[in-house]
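Please model the entire structure based on the sequences and the hints provided.
2 protein chains.
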Amino acid sequence: MSQENSHFLEEMFYPKSIAIVGASPNDPESGWMGRLINFGYGDRGEIYPVNPKATEVHGLKAYATVRDIPGPVDYVVFNIPARFTPQVMADCVAKGVKFVHVFAAGFGEIGTPEAKLLEQQLLETARKGGLRMLGPNCMGIYCPESKMTFNIDFPKEQGNVAFVSQSGAESMRLVFLGQDVKLYFSKVVSYGNAIDLDAPDFLEYLSADEKTRVIALYIEGVRQGPRFFAAIKKCLQKKPVVILKAGLTESGAGAAASHTASLAGVKSVWDAFFKQTGAIPANTMDEVADIVQALVRMKPPRGRRVAVVGRGGGIGVIAADICERAGLKVPPFARETRDKLTQLIPEAGAGVRNPVETTYGMGGAADFYRRGLSIVDEDPETDVILIHMAIDVYGSRTPNLAKLAAEAAATLCERVPSLKKPVAVGLFSGGHPDVIAAVTAARDKLTGAGIPVFSGVESASRAINKMTNYYEFAGKQG
Amino acid sequence: MSQENSHFLEEMFYPKSIAIVGASPNDPESGWMGRLINFGYGDRGEIYPVNPKATEVHGLKAYATVRDIPGPVDYVVFNIPARFTPQVMADCVAKGVKFVHVFAAGFGEIGTPEAKLLEQQLLETARKGGLRMLGPNCMGIYCPESKMTFNIDFPKEQGNVAFVSQSGAESMRLVFLGQDVKLYFSKVVSYGNAIDLDAPDFLEYLSADEKTRVIALYIEGVRQGPRFFAAIKKCLQKKPVVILKAGLTESGAGAAASHTASLAGVKSVWDAFFKQTGAIPANTMDEVADIVQALVRMKPPRGRRVAVVGRGGGIGVIAADICERAGLKVPPFARETRDKLTQLIPEAGAGVRNPVETTYGMGGAADFYRRGLSIVDEDPETDVILIHMAIDVYGSRTPNLAKLAAEAAATLCERVPSLKKPVAVGLFSGGHPDVIAAVTAARDKLTGAGIPVFSGVESASRAINKMTNYYEFAGKQG
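The listed protein sequences derive, respectively, from chains A and B.
Here this note's numbering is used: the first residue of the first sequence is 1, the next is one more, and so on.
Here this note's numbering is used: the first residue of the second sequence is 1, the next is one more, and so on.
One should not assume that every hint holds.
Stated by the list, open to error - Covered stretches of chain B, as calculated for chain A (at least 3 residues, CB under 8 Å):
no.: 1; stretch: 136 to 149
no.: 2; stretch: 160 to 171
no.: 3; stretch: 246 to 254
no.: 4; stretch: 282 to 288
no.: 5; stretch: 330 to 343
Unchecked claim - No more than 30 Å apart at the CA atoms, straight line, and that leaves these computed lysine-lysine pairs for DSSO-like:
no.: 6; chain 1: A; residue 1: K116; chain 2: A; residue 2: K128
no.: 7; chain 1: B; residue 1: K116; chain 2: A; residue 2: K340
no.: 8; chain 1: B; residue 1: K421; chain 2: B; residue 2: K340
no.: 9; chain 1: B; residue 1: K299; chain 2: B; residue 2: K239
no.: 10; chain 1: A; residue 1: K403; chain 2: B; residue 2: K421
no.: 11; chain 1: B; residue 1: K275; chain 2: A; residue 2: K403
no.: 12; chain 1: A; residue 1: K16; chain 2: A; residue 2: K128
no.: 13; chain 1: B; residue 1: K98; chain 2: B; residue 2: K233
no.: 14; chain 1: A; residue 1: K275; chain 2: B; residue 2: K211
no.: 15; chain 1: A; residue 1: K238; chain 2: A; residue 2: K98
no.: 16; chain 1: B; residue 1: K156; chain 2: B; residue 2: K128
no.: 17; chain 1: A; residue 1: K329; chain 2: B; residue 2: K275
no.: 18; chain 1: B; residue 1: K275; chain 2: A; residue 2: K156
no.: 19; chain 1: B; residue 1: K340; chain 2: A; residue 2: K116
no.: 20; chain 1: B; residue 1: K239; chain 2: B; residue 2: K98
no.: 21; chain 1: B; residue 1: K147; chain 2: B; residue 2: K211
no.: 22; chain 1: A; residue 1: K421; chain 2: A; residue 2: K340
no.: 23; chain 1: A; residue 1: K156; chain 2: A; residue 2: K128
no.: 24; chain 1: B; residue 1: K211; chain 2: B; residue 2: K238
no.: 25; chain 1: B; residue 1: K403; chain 2: A; residue 2: K182
no.: 26; chain 1: B; residue 1: K267; chain 2: A; residue 2: K329
no.: 27; chain 1: B; residue 1: K147; chain 2: A; residue 2: K267
no.: 28; chain 1: A; residue 1: K329; chain 2: A; residue 2: K299
no.: 29; chain 1: A; residue 1: K182; chain 2: A; residue 2: K98
no.: 30; chain 1: B; residue 1: K116; chain 2: B; residue 2: K61
no.: 31; chain 1: B; residue 1: K182; chain 2: B; residue 2: K445
As the list claims (entries may be wrong) - Facing chain A, from chain B, some residues (calculated, C-beta under 8 Å):
no.: 32; residue: N26
no.: 33; residue: P28
no.: 34; residue: F176
no.: 35; residue: R213
no.: 36; residue: G351
no.: 37; residue: P355
no.: 38; residue: A390
no.: 39; residue: H432
no.: 40; residue: E458
If you're looking for bench data, these hints aren't it; they were derived computationally from the structure.
Cβ atoms here follow ideal geometry from the backbone N, Cα and C, with glycine treated the same way.
Written out as structure tokens, the structure reads:
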């Protein structure tokens, strides 16, 4: 069980029973019922299929209406067309349900007077009945701890990242991007039209959620502006908040108006908000995932000076440029550091100034990690270590490629935890299947050990910069 | 055979015989000899292993010295330590060799007086003997047409992209990045220390090379400045040139000085050069690959207004922002276009303004491609079509995911060639193996049909912007 959060949403994230209205024996395994069963919710709560035409769904007794369910019902999913929702909502009120999740679309977002009226009626029924509503037009909740999910492919692993998303598809994208690097979630909420429960509710809950260390937010438009901004500030007092605010350009604002009828807001207002609060802006979902990974897995750096380590001279130069363009610096190491590195890798010639060019072959990389990383860690002129690994350049025919790449990754797993500086790995992918397999294995190994892995130097440096901005801001706030 | 290019380097790219000095029976298949044999060079020219201690290497008769080879020798690879190179160079001069490629490092780049002297001696011998030299400290030539390669994993397919690279590892990276999207090369030169043949030589050759449609260049430092810039301008009169100029930041300049002892040059000079010549600047090797792909595969657009098409409302808003930040616009479609799209996809509600939100499921995507793309193509308010495909969001359990994704890709392959507007596809990857397989198959199918595929909207829009800049500049030049 969760450590109790006294916020009223605790029962929404950890319901003791869930009813699926509109569950059908014909639903695929990936439907609402199948997901819950597959995810193991049955081990911690009751699942009630509701369908007047069925006696049993996926092996569980079906009920004609929510009112017919014998035990108490905490949470109800409306997996039914919009037009049937008012009656089911009335049933839920009669039953004393606490939370409903209206999955169906076809409400305010389509803009017709009828649809808006339907939405309004639904809200009134819920309000009068003292019941809180998620949606309509949303995917709802993913909470591995309470075994709730809206996608059968989502990982069962619990993590400490929360994601509040106005878009259902984007909520899935972030979970999958996270899964690629073994970054897992405490809670994800896709909240859709938000005619009742809205972003500030989730943020207020998450600010006090001990299971959540980092909060990410995808948002197009803001209602209840002051409450929304106050909720973010409340979160920021305790943990970082990464925000993908879509619709900040003219093109994007037009698109947002079409998508969720959101007034996207003025860019200057948001710029000022980010500057004043220390909330972390991101422009793409990949960037959100990268920043979150940096925040969860990297120690706060002392500053923004990067030590770059890896095989290849050209990539070192490119990496230094990328770092500086991202807002970081790649300064020369202290004389003492350079002397020690020259002793270690005399054949590298000039490649010890920063970037460090490790010697040829993956074996050379592992060897440098084993003996050289601690020298870089002691360097007084740099604050962060960025290791780039380009397994593709070694080529598929490198004898024992898989073994060498695994050894390099294993050596990092062994050495990184003892380093004082935060470490990031930029792991380039490759085209040859053998190289892809070696890259994937290395990424799994590294991220499994909690070492952050990015798709390259550009994404790594961007994330390091934004993470550093956050800590600098937080530091100034005392 | 190649159409004759009267430039003297034609014989370097298409030698009739190659000797490998330092070839050994113990070399792996991926060594210099094995690569040439594996690549099929033996079908078009003679391969001579040179090794005084061997009688045969990989099934071919070995010679003690280059002088002992019976027939004429056009091209010699020095696969030997630096200290042995002067003697072999003298042999090559005596033999009447036309080109030598000094693979070995340990010359000017390590900075010792001895190494610099060795380099100087090598150059003098070559010059006196009328022989031209590639290197030292470089990978040399990859030319699928003449079956020369420096990496056994390189594709045998010929393409129309040339790459001139000061870095060996980066030359490999671009070839592999290209291979991922079936983008192939006419010629790649890794030229290293360039004490004799240098970037301007290759550029002058490529400007007249009918096999090359787009030129990419990775460069850290420039010697012979005026000749170099003149050579690029000469290329630009006939074809686009994409340049990754590394070392343009303070951090990068320091790194470049260490890597190739290059004076990285002043950023303002390069900024002015790019502005005045229409050469296309890129910051990362991925960006080089993306821009090249856009140039090779997309028609010149009339302007920079993008029609965005794909499943998912949130990604549409994000995409619009990304496009505008990249220098493009996502304006509303003309009224007529919107009316036609509304008729086609009434349930999409507002998602016809631009971005277009295709209906749910990959089947819906294929259906839209079949019936809706031509409407978008006729829209007068947009110039380029950017299709984003997020197969991951459909999830691995989508019934027939692979089949649906394949159908979507096949439909694009069928429809895109008849469209008047240039088309780009942003294909997001995914975490689940089944999704990755579907993405990979879709990418292979699309790129096989010559449709450009990018890793997402960000990389696509960046490439479209830079391609458009190029055509706008070229258009102004008349």
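Taking the hints in turn, this is what the structure says about them:
| no. | hint | result |
| --- | --- | --- |
| 1 | 136 to 149 | violated (count 0) |
| 2 | 160 to 171 | holds (count 6) |
| 3 | 246 to 254 | holds (count 8) |
| 4 | 282 to 288 | holds (count 4) |
| 5 | 330 to 343 | holds (count 3) |
| 6 | A:K116 x A:K128 | holds, 18 Å |
| 7 | B:K116 x A:K340 | holds, 25 Å |
| 8 | B:K421 x B:K340 | holds, 18 Å |
| 9 | B:K299 x B:K239 | holds, 14 Å |
| 10 | A:K403 x B:K421 | violated, 48 Å |
| 11 | B:K275 x A:K403 | violated, 47 Å |
| 12 | A:K16 x A:K128 | holds, 23 Å |
| 13 | B:K98 x B:K233 | holds, 28 Å |
| 14 | A:K275 x B:K211 | violated, 52 Å |
| 15 | A:K238 x A:K98 | holds, 29 Å |
| 16 | B:K156 x B:K128 | violated, 36 Å |
| 17 | A:K329 x B:K275 | holds, 26 Å |
| 18 | B:K275 x A:K156 | violated, 52 Å |
| 19 | B:K340 x A:K116 | holds, 25 Å |
| 20 | B:K239 x B:K98 | holds, 29 Å |
| 21 | B:K147 x B:K211 | holds, 15 Å |
| 22 | A:K421 x A:K340 | holds, 18 Å |
| 23 | A:K156 x A:K128 | violated, 36 Å |
| 24 | B:K211 x B:K238 | holds, 12 Å |
| 25 | B:K403 x A:K182 | holds, 28 Å |
| 26 | B:K267 x A:K329 | holds, 16 Å |
| 27 | B:K147 x A:K267 | violated, 55 Å |
| 28 | A:K329 x A:K299 | holds, 18 Å |
| 29 | A:K182 x A:K98 | violated, 33 Å |
| 30 | B:K116 x B:K61 | violated, 35 Å |
| 31 | B:K182 x B:K445 | holds, 10 Å |
| 32 | N26 | violated, 12 Å |
| 33 | P28 | holds, 7 Å |
| 34 | F176 | holds, 5 Å |
| 35 | R213 | violated, 22 Å |
| 36 | G351 | holds, 6 Å |
| 37 | P355 | holds, 5 Å |
| 38 | A390 | holds, 7 Å |
| 39 | H432 | holds, 6 Å |
| 40 | E458 | holds, 5 Å |
Checked against the numbered hints above, the structure breaks hints 1, 10, 11, 14, 16, 18, 23, 27, 29, 30, 32 and 35 and satisfies the rest.
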